[in-house]
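> Below are the chains, spelled out letter by letter.
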Amino acid sequence: MAQEYHNPFAGIDLIAPIEQRDVYDRYCQTGGRSSVDRSPFPRMVDFWFAGLSLAAREDLKPIDLGSHETFKFIEGTILDRDVGRVQAVMLVAIAADGNVEIVGEPRRMMAVANGLAAAGVPRIVDMLQYDRNQDPIWNLSDSLDEVLREK
Amino acid sequence: MKLIRAEFENFRLLRNLSLDFSTDSTKKLTVIRAENESGKTTILNGLQWALYGDEALPGKGRDYRLHPIDWEVSAEEQIPISVQMDFEIPKFRQGPRGLVETTKQYRIVRSAYETLSGVKHTRTSSTVRLFELTDRGSEPIEPPEALVHEELPPELREVFFTDGDRALSFIETTGVAKLNSVRDAIRSLLGLDVIKDALKHVRKTGSEINKAAKAIGTDETLTQITARLEQIEIESEALEEKIEDSKLQFASFDQKLSEIQKEIEAALIRGDQEKLKRDIGQVKQQLEKIDKLQTRAAKEHSDLFKSPLLLRDLLAPVLRKGLDKLSDLQTQGKLPNATIPVLEERLKATTCICGESLDPSDTKGKQRRDHIQCLIDESRKVDALQGRLTNLYYSSRSLEQEDATDSNRWVAKYEEVIERRYQLEGVRDEQGKKFKALEIQLDRITDTDVQGLRTIQRDYKNQRDRFNTDWVKYETQLEEIKKQHRSLVMQRENLLRQQRRGARILARLEVASDVERVLNNSYDRMTNEELVKVSQLMNSIFLNMIGADPEQGAIIRKAEISDDFDILVYGPNDRPLNPDRDLNGASRRALTLAFILALTKVSEVKAPNVIDTPLGMMSGYVKKSVLKTAIRESSQLILFLTRSELADCEEILDAEAGQVITLTNPAHYPRMLVNDPEVKERMVLRCECNHREECGLCQRQMDVGAN
Amino acid sequence: MPLNDRKIITIILNECKTIEERSTGYKEELREVIIEIIAAERQHRVQGTNIQQKINDKCYSAGDFLAESRGLTKTRKGGIQ
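These protein sequences, in sequence, are chains A, B and C.
This note's numbering applies: residue 204 is where the first sequence begins, and numbers increase by one.
This note's numbering applies: residue 26 is where the second sequence begins, and numbers increase by one.
This note's numbering applies: residue 18 is where the third sequence begins, and numbers increase by one.
Check the hints yourself; a few may be wrong.
What the hints assert, rightly or not - Calculated lysine-lysine pairs in the DSS-like style (CA-CA distance at most 30 Å, straight line):
no. : chain 1 : residue 1 : chain 2 : residue 2
1   : B       : Lys458    : B       : Lys314
2   : B       : Lys225    : B       : Lys116
3   : C       : Lys44     : B       : Lys508
4   : C       : Lys75     : B       : Lys508
5   : B       : Lys52     : B       : Lys507
6   : B       : Lys649    : B       : Lys583
7   : B       : Lys267    : C       : Lys44
8   : B       : Lys225    : B       : Lys267
9   : B       : Lys229    : B       : Lys129
10  : C       : Lys24     : B       : Lys391
11  : B       : Lys239    : C       : Lys24
12  : B       : Lys302    : B       : Lys458
13  : B       : Lys507    : C       : Lys44
14  : C       : Lys24     : B       : Lys508
15  : B       : Lys267    : B       : Lys229
16  : B       : Lys236    : C       : Lys44
What the hints assert, rightly or not - From chain B, some residues computed to sit far from chain A (all C-beta separations above 10 Å):
no. : residue
17  : Thr67
18  : Thr128
19  : Tyr138
20  : Ser163
21  : Ile305
22  : Thr320
23  : Asp328
24  : Phe330
25  : Lys331
26  : Asp338
27  : Pro342
28  : Val343
29  : Ala409
30  : Arg479
31  : Arg483
32  : Asp589
Keep in mind the hints are simulated off the structure, nothing from the lab.
Glycine included, every Cβ here is placed at the ideal spot set by N, Cα and C.
Please put together the full structure from these sequences, using the hints given.
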């Protein structure tokens, strides 16, 4: 049950490289864009999570954001009611780190997650812009559809 | 009447041109071969200007320049313009052995001057002079207009000077205008107007004689009767005028009514404005509904990107790795840890499982308790991590795909969303198009107020019906007083017989009455019998002309002129055809020519038919047959023909043409003419080449010549 | 003379045949009067003459011819009687 679950990332920021700020604004409806077809992601965390998921799936190397200029787009509390994502971040962190003990270190887990998201977002942007004649939502959907059908 | 020769000076493109026409009764045809822009229409206008003046020019000559457009002129110079025409007229007189025909020749010269000032021009009113040409020279005739109007009445201009397109007005215009043009042509050519005028004057003579009868004054009854007759004649005249007026008004409103009816029908086909607005409202609502559904579907689409399904499907291979790690711990027995609850349970008691005291007041017991507490604390530290992993292990199993059928649930969901969005897009598109179409319809009828038109229609109908009622009423009244008139005339006759001075008056009355009867009967015969003849001849000429046309030959069975002077065409089973819609261009021209030729033929008028582009839109056998028929039925035929009209008709011209000349516009060099005519000014040039010849002047580029 | 006088005159002459011979030579007289009337109408169109007077005169003179020829007949008859 969600409310019984503790969110280990409550006090930790979700961040992205500063150079990705523009695409976060452009492709998320919370960035002030009203056209669903051109800005398919409801919130920035969804964009971030899509990047993270795709990077993890495609085994991309997380980007070490320690040396990067970054921007915080939201706090970890956003995950309070999103048990699945919290668990997913943890499992992804275990898989990436290879050591279950990482579960005891939320900041490291979040660093892995942010690094993966930073690596995955450019891939997502590629998908969004795949065909200039088509709205991004269709580009993204078709590309994801293709990725998911590949076993 | 026959045209002999025409000369043009500075009449537009005709700076200096003379034309000779064939007057040979065995070779009645004159052909003027000319391409477009070579002065054909100008010649037609010029000939009519000579006869009728500015009235005959396009737009009655207002703002219509006559001098050549490239005239180089110094200020104040006057440009002389003139057209001269020689013609002959047959004259009849009653000789001892019947009618004797002689021929007289005339020359008409019309001239005017134009002065240029900048781009504007002014024209002096034209002067016309008419001469009779005799062996002794020429004798002026005054006033020239009278003879011209008598010989070629202006209302017959279109019969004798036919522009292939303009003459179509005999069949193409509708209603009163068409009836009037056909009626005027028929009346004029059959000489009905002369008889009508004579009738009017003879009736007046009758009235004068009646006055004389009244003036006898010796018999009171005779005085009363003649007075009443006088009154009746005035009343009759007034009633006849009223009837004529009502007829015209009736026809005019009938015409207006049918026009407005057409307008309403057209508007109704386009759509009723109110209904259209309602339809637009409905489609708009529908569109709003669809737009909302589309927004919802797009939102649903967008929600796919935050769906747990995407997370699960996308991360499936990765999550499996993490879960495998946890499963390992589980198998190693490191999960879950159950010691802490046992120890905590013990601490609640005062005795350990082993039987030793755990009493906190007892020193040993206290030491044992502290030890257990320490164990609990350390265990807790390790357990915090293990707890998290345990929790994660159990709770995150929901993230695991259970089997192959469970995989790609996001894709399945996405397919549903696509389907819905596509479907909605289709509906939106359809409704959008409907909306656009309705809006266009609305735009088109914005100015058409159907209700307003209906009001006018009702008004026209009322007026038409009122004139119809008047017409019937006046005719009944006229009939009534004519009856009275007949009976009064008999009474007058009887009374006059008894008077001493009555015999002479009675005889004069009898003469007037006999003359009136002859004229009346002649008038009726001409309208009835001659009209039937014109109608029948037109039909046979027309069918002869188009008989070879397989397309029209099957459709058209008969053409006739109705009693009320309407030219009608019928198809199989006497189905009426609309000359405007059901006849092709060649047939319409043929019908017009057939009417003109039949009318001149029946009237026995010897007048030229000058026709511009008569064979346009015709080809093959039909063209030949139209040409042959026209030559046969006309007394003098002058045709303006382009080379393409002439094509295939050369042999007919070899046999029938008494005169062929060619006109060339030098401005056609070098695009259409082979040789440079070396003429600086714009003007039409004549050469004597016939329909088979070409010279250095008229030789044309092959491809253009074949046009 | 006009356009199609031959036509008009032929028809008129035919119509004259149906007129009652009111006295000897009357039909012939009337036929001439009518042809003259048509000619006068033609001339009037060209020259604008006093047409009504001309027609009156022609009718009167034909009427007088009729009256006189009747009178002669009567007188002769009377003479016999």
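> Determine whether the non-interface label on Tyr138/B survives the test: each CB of chain A must be over 10 Å from its CB.
holds, 72 Å
> Mind checking the alpha carbons of Lys75/C and Lys508/B for me, to see if they're no more than 30 Å apart?
holds, 28 Å
> Is the nearest CB of chain A more than 10 Å from the CB of Ser163/B?
For Ser163/B, whose nearest Cβ neighbour in chain A is about 87 Å away, the distance exceeds 10 Å, so it holds.
> Given the hint that Lys507/B pairs with Lys44/C, does the C-alpha gap stay at or below 30 Å?
holds, 27 Å
> Are all beta-carbon distances from Thr128/B to chain A longer than 10 Å?
holds, 86 Å
> Has the given pair, Lys24/C with Lys391/B, been kept, meaning a C-alpha gap of at most 30 Å?
Violated: Lys24/C and Lys391/B sit about 159 Å apart, past 30 Å.
> Was Thr320/B rightly flagged as not at the interface, with every chain A Cβ beyond 10 Å?
Thr320/B is in fact no farther than 10 Å from some Cβ atom of chain A, at 8 Å.
> Take the C-alpha atoms of Lys302/B and Lys458/B, compute the straight-line distance between them, and say whether it is at most 30 Å.
The hint holds at about 16 Å.
> Beyond 10 Å from chain A, beta-carbon-wise, is Pro342/B?
The claim breaks: Pro342/B does not keep its Cβ more than 10 Å from every Cβ of chain A (closest is about 6 Å).
> Determine whether the non-interface label on Asp328/B survives the test: each CB of chain A must be over 10 Å from its CB.
Asp328/B is in fact no farther than 10 Å from some Cβ atom of chain A, at 7 Å.
> Examine each Cβ of chain A, and state whether all of them lie more than 10 Å from the Cβ of Arg483/B.
Nearest chain A Cβ is 55 Å from Arg483/B, so the label holds.
> Are Lys458/B and Lys314/B close enough, with their CA atoms no more than 30 Å apart?
holds, 16 Å
Hints 5, 7, 9, 10, 11, 14, 22, 23, 24, 25, 26, 27, 28 and 29 from the list above are not met by this structure, while the remaining hints are.
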